[in-house]
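> Starting from the given sequences, assemble the full structure and let the hints guide the process.
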Amino acid sequence: RDITNFIEIESAKQKVQMSVHQFTSMCFKNCVKDGSNPELSSAENQCLNSCVNRFLDTNIKIVKGLQNIQ
Amino acid sequence: RDITNFIEIESAKQKVQMSVHQFTSMCFKNCVKDGSNPELSSAENQCLNSCVNRFLDTNIKIVKGLQNIQ
Amino acid sequence: RDITNFIEIESAKQKVQMSVHQFTSMCFKNCVKDGSNPELSSAENQCLNSCVNRFLDTNIKIVKGLQNIQ
Amino acid sequence: QIQQDLAVANATELVNQATENCFNLCMKAPYNENLAESNQCVETCLGKYMRSWNAISQAYVQRLQNTPDV
Amino acid sequence: QIQQDLAVANATELVNQATENCFNLCMKAPYNENLAESNQCVETCLGKYMRSWNAISQAYVQRLQNTPDV
Amino acid sequence: QIQQDLAVANATELVNQATENCFNLCMKAPYNENLAESNQCVETCLGKYMRSWNAISQAYVQRLQNTPDV
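Residue numbers (our numbering), protein chains in the order written: chain A, 1347 to 1416; chain B, 1347 to 1416; chain C, 1347 to 1416; chain D, 114 to 183; chain E, 114 to 183; chain F, 114 to 183.
Hint data in this document are derived by calculation from the structure and do not stem from the laboratory.
Don't take each hint at face value.
What the hints assert, rightly or not - Lysine to aspartate or glutamate pairs mimicking EDC-like chemistry, simulated, CA-CA at most 16 Å apart:
#, chain 1, residue 1, chain 2, residue 2
1, A, K1410, D, E156
2, B, K1410, F, E156
3, C, K1359, F, D118
Claimed, not checked - Covered by chain E, according to a simulated footprint, are these stretches of chain A (three or more residues, beta-carbon under 8 Å):
#, region
4, 1361–1369
5, 1398–1412
To be verified - Only part of the chain A face toward chain D is listed, based on derived beta-carbon distances under 8 Å:
#, residue
6, N1376
7, C1377
8, A1389
9, Q1392
10, C1393
Even for Gly, the Cβ is constructed at its ideal location relative to N, Cα and C.
Encoded structure:
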């Protein structure tokens, strides 16, 4: 049971990490246009935050919408 | 023989479905610029139809072209 | 030992080939804007060459940068 | 069992592609447009995406029947 | 062993995504801009990419905690 | 057998990438330009794609030989 538990937890953590990789690449492309400063401006930070939240909003709406169709 | 047959048919159907997913995503990006109406305009419909046919034309030409080189 | 050797060499060659596929697709998109002539212009040739070298420069800098962080 | 696995794979692919495409169509960086309006756009976009899927599927199957070498 | 495999997969993913995004941000076709400047840009870009990764990770985990159905 | 599998994987990758890139170069939405001209473009594009593949391959192998740590 311990090893099953361990694998389940690691697998869930890994899934979250891989989603973070995907979201970072997508939102970085959309929000960051300037590579001359290693710090995020507050506008960039705000944009990244909204980007991931809007993407998750969209995902939930799509899943619910498809469930209603079936 | 029945089960082999069944798997072959399901596998062919699945391949077609996955191609439809790929073509839809690509052609939607190229043809649909407006999300305010759930119906397809006739221009959008025409564009989607041409998009998939032109893509398949291109694929055939590339395959034949590479066969001629070899 | 011979078969292990053979597999290692084939696998390394395959990895290089797959990288060439990836780089070609990316650099072709960035460097070639005109499909009316099958020959590469010297500007296109120069651009493709710089593209792959700059990409590898970037990759090395990223790997070294991440090693410094850890 | 096989059919169910394939159906899950298809549904997952559809959710992922529709989410990506409707996010790109309805949400623009820096993501400070009206949220209610953007959510409405996602709903109509999903309808349009499903119609596009059907149109592409029809066009592709028709093409496969006419030219079996595609 | 499992945790190490996952760590390697994560590091590889991060290297690949940061390379692609910083290449696109800092190197523009036909790639004849000043090399020293471009290399400098890659370094600051990596800092920005890491900060973006952290910002996205935080936003996503916060969202997961508030709405477990995401 | 292994070498044949790899050759098939390489050919498939080349067909897919050349199709995608030449479709994007030669066919523009809404896809109502002259079909004969577009098909001609695909043919010259394939020649250019093959030459690009060779140029990239050469540049990459040369780089690997000069800096083995790439």
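> Each hint: holds or not?
Hint check:
Between A:K1410 and D:E156 the CA atoms are separated by roughly 10 Å; this keeps the pair inside 16 Å, and the hint holds. As the CA atoms of B:K1410 and F:E156 are separated by approximately 10 Å, the hinted pair is consistent with the 16 Å bound. At roughly 13 Å between alpha-carbon atoms, C:K1359 and F:D118 fall within 16 Å of each other, so this suggested pair holds. Check result for the region 1361–1369 of chain A against chain E: holds, 7 residues qualifying (beta carbon to beta carbon below 8 Å, three or more required).
Judged by the Cβ-Cβ criterion of 8 Å, the region 1398–1412 of chain A is covered by chain E as claimed, because 5 of its residues qualify and three suffice. Restraint check, A:N1376 versus chain D: the minimum CB separation of about 4 Å is within 8 Å; hint holds. A cut of 8 Å between beta carbons decides the hint on A:C1377: the least distance to chain D is about 5 Å, and the hint holds. Because the smallest distance between the Cβ of A:A1389 and any Cβ of chain D comes to about 7 Å, under 8 Å, the interface hint for this residue holds.
The restraint placing A:Q1392 at the interface with chain D holds, with a minimum CB-CB distance near 7 Å, inside the 8 Å limit. Nearest Cβ of chain D to the Cβ of A:C1393: about 4 Å, under the 8 Å cut. The hint holds.
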